[in-house]
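A.B. asks: Below are the chains, spelled out letter by letter.
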Amino acid sequence: MIKQDISKYKHVWVFIEHENGEVARVSFELLTKARELAKDLGCEVHAFTVGDKVKQFADEVFKYGAKKFFIIEDPFLKDYITEPYRDAIVHMIDKHKPEVVLIGATTLGRDLAGTIATVLQTGLTADTTGLDIDPKTKNLLMTRPTFGGNLMATIFCPDNRPQMSTSRPGVYKAIEEPVKGEVIKEKFEFDKSKYTKQIIEKIIEEGEKVNLGFYDIIVSGGFGMGSKDNMKLVQELADVLGGTWAASRKAVQSGWAPQTRQVGQTGQTVHPKIYIACGISGAIQHQAGMKSSEVIIAINKDPDAPIFEIATYGIVGDVVEVLPKMTQMFKEKLGKA
Amino acid sequence: MSKKDFDVIVVGAGPAGMAAAYVLAKAGVDVIVIERGKFPGSKNVMGGIFYRKPMDDLIPEFYKEAPIERHIVEQRMWLMDDVSHFSMGIKTQKHNSEPYNCFSVLRAQFDKWFSKKVIEAGALLINETVVTEPIIENGKVVGVRTDRPQGDLYADCVIAADGVQSFLAKSLGLRKKITPNKVALGVKEIIGLSEEQVNDRFGIKDSNEGVTIEITGPFLKGMEGMAWVYTNKNSVSIGIGVIIDDLINHNMNPNDLLESLKNHSSVLPLIEGGETREYLAHVIPEGGYKSVPKMYTDGFMVAGDAAMLVDSIHREGSNLAVESGKLAARTYLEAKESGDFSEKTLSRYQEKLEETYILQDLRYYRNLPELLEEKRYLLTEYPQFLIDAMTEIYTVDGVPKPEKFKKIKGELKSRFGYIGLAKDLYTIWRKLR
Amino acid sequence: MHFLVFIKQVPDAAQVRVDYETGTLIREGVPAIINPFDKHAIEAAVRLKDQFGGKVSVVCMGPPMAEDALKEAMSMGVDKAFLLSDRIFAGSDTLATSYALWAAAKQIIKEEGPVDIFFAGKQAIDGDTAQTGPGIATRFNVPLITYVVDVKKLDPEKKTVELVRLVESGQEVIQTTMPCFLTVEEELNTLSYAPLPYLIRAAKTPVKVLNSKNTEIEAEYCGLKNSPTKVRKAFTPPKRERGEMIEGDSVDSIINQLYEKIQPVLKTMGKV
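Residue numbers (this note's numbering), protein chains in the order written: chain A, 1 to 337; chain B, 1001 to 1433; chain C, 2001 to 2272.
Chain A extracted, bound-state conformation:
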């Protein structure tokens, strides 16, 4: 293991993930969390990113409390490609030596973080759901689920810097706390012949992009819904409750819902106030994505379905019969009739 002088590293850095000119919400969530960490460490929150035109994100980034925004702008970085992004970012980290680097555990973030950490020869804790500062050592304590959420591990990185973590979207709330920040432009000379990978086509999935983490109420449908048509029942209840709808992996695989609405180990992790699982048996892979919801309501035909083991309230019944009634009655009760 390569030993470093860790005292030279300072400040908490948050990677600003963006696509098509839009910042990923997880970046704001992490900026909010980073403010807490920076307070405990007695340092500042800085944001960083690379791309073609990224200076435009500065205002938003400062709104969430970043004092500095490090960027590299280059038309070569128009689309996300692992290797040039990595090299540009490594250049910035090498130069400014942040103590902590936080990246969203999105598809892009997980693609990027491991390769950066390997070049930097530092520790990376993937897919964390908890970040704290050890009051004694000032090390970052990173908590992450393993074994499909059955075991939690708190991991730290005592002798290497930066301490890197990818964090699951939807874990922290994004709260604004505007500051006057400063944009710092860096430069990186690409040896373009080194990069032999290119995007030749982008296929944008139909339908909207959904951040399930936004919603306080999620109504989710599983294989027990029986058909794509019946998924409408889930949507209708979600509409009445002012929430959004989601689906289990099986429902997504059956083509009843887009992957962007999948809850679970291979989908999104959500923590709404109310999660209504309709016709979802509750395999541990699904539980891993919704177990920390405040109230879980489960409706299932099978009284032995594992979902009832974690449900706050359980109803044994046919979703196709229960859901329309529930929608109707809740509509009346919530004064929406």
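Incorrect hints may have been included.
DSSO-like, lysine-lysine: derived pairs with alpha carbons at most 27 angstroms apart [what the hints assert, rightly or not]:
1) K325/A x K2106/C
2) K1038/B x K2204/C
3) K2230/C x K333/A
4) K197/A x K2159/C
5) K2267/C x K138/A
6) K180/A x K202/A
7) K197/A x K2230/C
8) K1004/B x K2071/C
9) K2152/C x K78/A
10) K136/A x K2225/C
11) K1026/B x K2071/C
12) K1003/B x K2204/C
13) K192/A x K2158/C
14) K2049/C x K197/A
15) K2267/C x K197/A
16) K250/A x K228/A
17) K2204/C x K1116/B
18) K333/A x K232/A
19) K2158/C x K273/A
20) K2261/C x K273/A
21) K2158/C x K202/A
22) K194/A x K2267/C
23) K2106/C x K3/A
24) K3/A x K2225/C
25) K250/A x K1038/B
26) K2152/C x K333/A
27) K197/A x K2055/C
28) K1294/B x K1205/B
29) K1117/B x K2159/C
30) K192/A x K2159/C
31) K173/A x K2233/C
32) K1038/B x K2080/C
33) K1043/B x K1375/B
34) K2152/C x K197/A
35) K2159/C x K194/A
36) K8/A x K2225/C
37) K301/A x K2261/C
38) K2208/C x K1038/B
39) K2071/C x K1038/B
40) K197/A x K2106/C
Hint data in this document are derived by calculation from the structure and do not stem from the laboratory.
Because the structure is a prediction, the values reported are computed rather than measured.
Chain A is fixed; fit chains B and C onto it per the hints.
C.D. replies: Positioned in the frame of chain A, the structure of chains B and C alone reads:
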């Protein structure tokens, strides 16, 4: 001569198949074992007791390296009704030193170990492959077809150790369809406890020592069957096996039976607080000697459960399997010398088995299955009488003992009649003769 | 062509349960399996071999029992299997693991020739980190393509390959030069039922063991001591107690009861 991929194909990696493969591989025979489960042991079920002798002949002192749970030093036999049990048994230090008598084992681990030995000996083992039919040419079995692409295999001889449902033996007409009065359905749970809990509850000092309890009596409501509780290292195997016909006639579900066994006042304290780790169900051939089929044809032998080799009276199956597998292998080795794998040569296999204790034991009890089928009351009324008599004797209620004995004698007479009693005793004696 | 697949043997996460009293996982009786994503990586490599010729090698880091995983890989059509097993690897984090596997892969290249495509599953179901693959790719300095769902075109002459990968907004078609490193999704292919000759060859072919003695691996980059990240504590998440089953004579009555129960929560959200 048709194609040949191996000398011998063994179908099924249970104790019978692996014993056969082990003997063959050790003798330098090119042998392949085809198992349908994910690994040997993954689909195998038995009560949980493994006898030393046949295995020890095969792999001397196997118990020193095999994953065994405990060696059995005490065997209890319970006659049980709904509220009591009458216990007999033997606990002896003679079974508490090498080479031991029998062991509790967990099949998933034990069979995996056995398969490692078989592979070390030089046999090939193929998992997750189902043999779908024998390949027959000129009336002789010359190989097997599997469900895999390019799945045909040819050999001099096929040894079918494919379990109680033996598709191969049936398709060759060696076995008749199993009737529900000749097979039992066994269900079993492995209940996790701590080593200390097992020791305390069964009165064991050393965690290597084990206890078996076998249970019959009116608890079974007149159905033919048996329940058992075996101690493993840090778990208990508890199960019950009942003839399928009886389950149907009594409209009983084996799972409910197992539940009532687990909740019986005599059993519950042994397993209380434990967590069910595994649930297993299996069909046990109980037809005895009379249901043992012809075990060979041209290029083909049957061993183990596939040949209905289970001694249901003494709960022995796996050692019969090992023994029969061994003998099938030895028969092949003899046949190999002459290069003749015809029915005539392979008939020596069954003759060899007849000479062993296996078929002699089975022959001894050959009439028992029918007797019990005829006179189900033998299973309930005598045990109930014994339980009642013992209860009477041990109840202190001011009645003088001589009067109690007199009362018991009177009960015996009124329940069975001396003539009935004599008749039953005579019948049992005659059937066992 | 030469395809090298990195696989991991994992406990079947679906069967792992929690002992809430001791705060540990109950692994007893839980079968060890090939990480499900890795199986699709093997399948992809074997299909490319069938189409373009060449061979498939596979390497697994783990204890001796991981040989089972390699045997299973061979029965899927893999030609050469390597078990990377040494006590010095105990406690390795993703950085140290990617180092060891990289060193092992270099040894395999020495013995079996240069690799055209490296494969791995997108993540392991026990650790869920999805970082070891990217780590190895970085050490080889080859293009990394994660979350691959389709191998569209492979040109053995030009040494290029066209792939489809998942991204947050949909999919991307990527073209890259070989050698390259792919981490794959389950959707990439359906596992085929391997022909019997594969199984027989797997049973006959021994697994080659690589360790610190027969491979150029420097111990100072391996194991717990040389892993930048350490586990401070492991614990089980608080058990969610089984709640209340709502029963009633009619669906209406059940829904009414449910409404009464969740009304306070709805109030805090301003829904009522």
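A.B. asks: Work down the list of hints and note, for each, if the structure agrees.
C.D. replies: Taking the hints in turn, this is what the structure says about them:
1. K325/A x K2106/C: violated, 63 angstroms
2. K1038/B x K2204/C: Within the cut-off at roughly 18 angstroms; holds.
3. K2230/C x K333/A: violated, 52 angstroms
4. K197/A x K2159/C: At roughly 12 angstroms apart (the allowed maximum being 27 angstroms), K2159/C and K197/A satisfy the hint.
5. K2267/C x K138/A: Not OK: K2267/C and K138/A at ~40 angstroms, beyond 27 angstroms, violated.
6. K180/A x K202/A: Judged against 27 angstroms, a Cα distance of about 37 angstroms means the pair is violated.
7. K197/A x K2230/C: violated, 34 angstroms
8. K1004/B x K2071/C: Status holds; Cα separation ~25 angstroms.
9. K2152/C x K78/A: This hinted pair holds, its Cα atoms lying about 24 angstroms apart.
10. K136/A x K2225/C: Measuring from Cα to Cα gives roughly 22 angstroms; hence the hint holds.
11. K1026/B x K2071/C: Roughly 23 angstroms separates the two Cα atoms, so the pair holds.
12. K1003/B x K2204/C: holds, 20 angstroms
13. K192/A x K2158/C: At roughly 19 angstroms apart (the allowed maximum being 27 angstroms), K2158/C and K192/A satisfy the hint.
14. K2049/C x K197/A: Roughly 23 angstroms between the alpha carbons, so the hint for K2049/C and K197/A holds.
15. K2267/C x K197/A: This hinted pair is violated, its Cα atoms lying about 53 angstroms apart.
16. K250/A x K228/A: Holds, because 12 angstroms separates the two Cα atoms, which is no more than 27 angstroms.
17. K2204/C x K1116/B: Answer holds: K2204/C to K1116/B is near 14 angstroms, not above 27 angstroms.
18. K333/A x K232/A: Holds, because 21 angstroms separates the two Cα atoms, which is no more than 27 angstroms.
19. K2158/C x K273/A: violated, 55 angstroms
20. K2261/C x K273/A: Holds, because 14 angstroms separates the two Cα atoms, which is no more than 27 angstroms.
21. K2158/C x K202/A: holds, 23 angstroms
22. K194/A x K2267/C: violated, 59 angstroms
23. K2106/C x K3/A: holds, 25 angstroms
24. K3/A x K2225/C: It holds: about 12 angstroms lies between the C-alpha atoms, which stays within 27 angstroms.
25. K250/A x K1038/B: Satisfied, since the Cα-Cα distance of roughly 25 angstroms is no more than 27 angstroms.
26. K2152/C x K333/A: Violated - the C-alpha atoms of K333/A and K2152/C are around 54 angstroms apart, more than 27 angstroms.
27. K197/A x K2055/C: holds, 24 angstroms
28. K1294/B x K1205/B: violated, 47 angstroms
29. K1117/B x K2159/C: Measuring from Cα to Cα gives roughly 46 angstroms; hence the hint is violated.
30. K192/A x K2159/C: Holds, because 19 angstroms separates the two Cα atoms, which is no more than 27 angstroms.
31. K173/A x K2233/C: holds, 26 angstroms
32. K1038/B x K2080/C: Holds: K1038/B and K2080/C sit about 22 angstroms apart, inside 27 angstroms.
33. K1043/B x K1375/B: Distance of about 35 angstroms is beyond 27 angstroms: violated.
34. K2152/C x K197/A: Holds, because 15 angstroms separates the two Cα atoms, which is no more than 27 angstroms.
35. K2159/C x K194/A: holds, 16 angstroms
36. K8/A x K2225/C: holds, 23 angstroms
37. K301/A x K2261/C: holds, 21 angstroms
38. K2208/C x K1038/B: holds, 23 angstroms
39. K2071/C x K1038/B: holds, 12 angstroms
40. K197/A x K2106/C: holds, 23 angstroms
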